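Knowing the structure of chain A, use the given hints to seat chain B on it.
Residue-level listing of the chains:
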Amino acid sequence: MSGTVILTLTGIITAGILLCLLRLLKGPTAPDRAVAMDTACTVTTALLVLLALFFKRSVYLDVALVYALLTFMGLVAIARYLERGI
Amino acid sequence: MNSGVTPYILISIGVAFDLVGAIGLIRLPDVYNRLQAATKCVTLGTALILLGVVAASGWSAMGIKALLAAVFVLWTSPTGSHALARGAHIAGVPLWSGSVIDKYKEDTGR
Numbered sequence: 001m002s003g004t005v006i007l008t009l010t011g012i013i014t015a016g017i018l019l020c021l022l023r024l025l026k027g028p029t030a031p032d033r034a035v036a037m038d039t040a041c042t043v044t045t046a047l048l049v050l051l052a053l054f055f056k057r058s059v060y061l062d063v064a065l066v067y068a069l070l071t072f073m074g075l076v077a078i079a080r081y082l083e084r085g086i
Numbered sequence: 087m088n089s090g091v092t093p094y095i096l097i098s099i100g101v102a103f104d105l106v107g108a109i110g111l112i113r114l115p116d117v118y119n120r121l122q123a124a125t126k127c128v129t130l131g132t133a134l135i136l137l138g139v140v141a142a143s144g145w146s147a148m149g150i151k152a153l154l155a156a157v158f159v160l161w162t163s164p165t166g167s168h169a170l171a172r173g174a175h176i177a178g179v180p181l182w183s184g185s186v187i188d189k190y191k192e193d194t195g196r
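As they're listed, the protein sequences go chains A and B. First residue of the first sequence? That's 1 in this note's numbering, and the numbers climb one at a time after it. First residue of the second sequence? That's 87 in this note's numbering, and the numbers climb one at a time after it.
Simulated from the structure, these hints should not be mistaken for laboratory data. Only a predicted model underlies this, so the values are computations on that prediction, with no experimental measurement involved. Here a beta-carbon is modelled for each residue, glycine too, at the ideal position from N, C-alpha and C. Watch out, some of these pointers could steer you wrong.
Claimed, not checked - Computed list of chain B residues with no C-beta within reach of chain A, every gap over 10 Å:
#, residue
1, D104
2, L111
3, A142
4, G144
5, W145
6, M148
7, V179
8, S183
9, G184
10, S185
11, D188
12, Y190
13, E192
14, T194
To be verified - Taking lysine-lysine pairs in the DSBU-like style, the calculated list, with each CA pair at most 35 Å apart, reads:
#, chain 1, residue 1, chain 2, residue 2
15, B, K126, B, K189
16, B, K126, A, K26
17, A, K56, B, K189
18, B, K191, A, K26
19, B, K189, A, K26
20, B, K126, B, K191
To be verified - For each label pair, taking beta carbons as the anchor points, the in silico distance ranges come out as:
#, chain 1, residue 1, chain 2, residue 2, range
21, A, L25, B, S183, 22 to 32 Å
22, B, P115, A, L18, 12 to 22 Å
23, A, R57, B, A177, 35 to 45 Å
24, A, L7, B, G144, 15 to 25 Å
25, B, K191, A, L70, 11 to 21 Å
26, A, V5, B, E192, 42 to 52 Å
Only chain A is shown next, with the shape it has when bound in the complex:
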């Protein structure tokens, strides 16, 4: 794929991450911030995938996979904490 298209799409995805971070700053309750963090992390996974396509390095995909795994574990830990405390 051509590099210019991938860079444009990377810019759009970065704008999405900034919107998620805005909700992370504003969110009135703790679950709001957790939702914003989860969304920002998943969109960051997509950003890493696009960077892997741009630089043609499959190492970025390993990073994306581990990032998705850590996002899931962190989210489940936060959900259990909200449910019944530590």
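Quick look at chain B alone, frame taken from chain A:
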């Protein structure tokens, strides 16, 4: 890497879904609405981007890793969001004032 038009279409649709999910996260009124907008749009968008990478790279190391990541995202993202919605409801986060029904409260009495 083959140079068809399929990867462009898949990745563009995925990026559009991701952006719509982020906008929904800003615009919607309470945590449950934000959760459904963000989860559905962002899960589908990220999975479409990963499938676009699979279509672009074929059966190479990159394509197989992207396919694994797509399966993983489709599997774990709804699970985590379900756990978070349940945790938020049990923690007592109120619904938006315009909400008309609360089936979880009716079913469990909490």
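Checked hints:
{"no.": "1", "hint": "D104", "in the structure": "violated (5 Å)"}
{"no.": "2", "hint": "L111", "in the structure": "violated (5 Å)"}
{"no.": "3", "hint": "A142", "in the structure": "violated (6 Å)"}
{"no.": "4", "hint": "G144", "in the structure": "holds (13 Å)"}
{"no.": "5", "hint": "W145", "in the structure": "holds (13 Å)"}
{"no.": "6", "hint": "M148", "in the structure": "violated (4 Å)"}
{"no.": "7", "hint": "V179", "in the structure": "violated (5 Å)"}
{"no.": "8", "hint": "S183", "in the structure": "holds (14 Å)"}
{"no.": "9", "hint": "G184", "in the structure": "holds (16 Å)"}
{"no.": "10", "hint": "S185", "in the structure": "holds (15 Å)"}
{"no.": "11", "hint": "D188", "in the structure": "holds (16 Å)"}
{"no.": "12", "hint": "Y190", "in the structure": "holds (13 Å)"}
{"no.": "13", "hint": "E192", "in the structure": "holds (19 Å)"}
{"no.": "14", "hint": "T194", "in the structure": "holds (13 Å)"}
{"no.": "15", "hint": "B:K126 - B:K189", "in the structure": "holds (20 Å)"}
{"no.": "16", "hint": "B:K126 - A:K26", "in the structure": "holds (22 Å)"}
{"no.": "17", "hint": "A:K56 - B:K189", "in the structure": "violated (48 Å)"}
{"no.": "18", "hint": "B:K191 - A:K26", "in the structure": "holds (27 Å)"}
{"no.": "19", "hint": "B:K189 - A:K26", "in the structure": "holds (28 Å)"}
{"no.": "20", "hint": "B:K126 - B:K191", "in the structure": "holds (23 Å)"}
{"no.": "21", "hint": "A:L25 - B:S183: 22 to 32 Å", "in the structure": "holds (24 Å)"}
{"no.": "22", "hint": "B:P115 - A:L18: 12 to 22 Å", "in the structure": "holds (21 Å)"}
{"no.": "23", "hint": "A:R57 - B:A177: 35 to 45 Å", "in the structure": "holds (42 Å)"}
{"no.": "24", "hint": "A:L7 - B:G144: 15 to 25 Å", "in the structure": "holds (23 Å)"}
{"no.": "25", "hint": "B:K191 - A:L70: 11 to 21 Å", "in the structure": "violated (33 Å)"}
{"no.": "26", "hint": "A:V5 - B:E192: 42 to 52 Å", "in the structure": "holds (49 Å)"}
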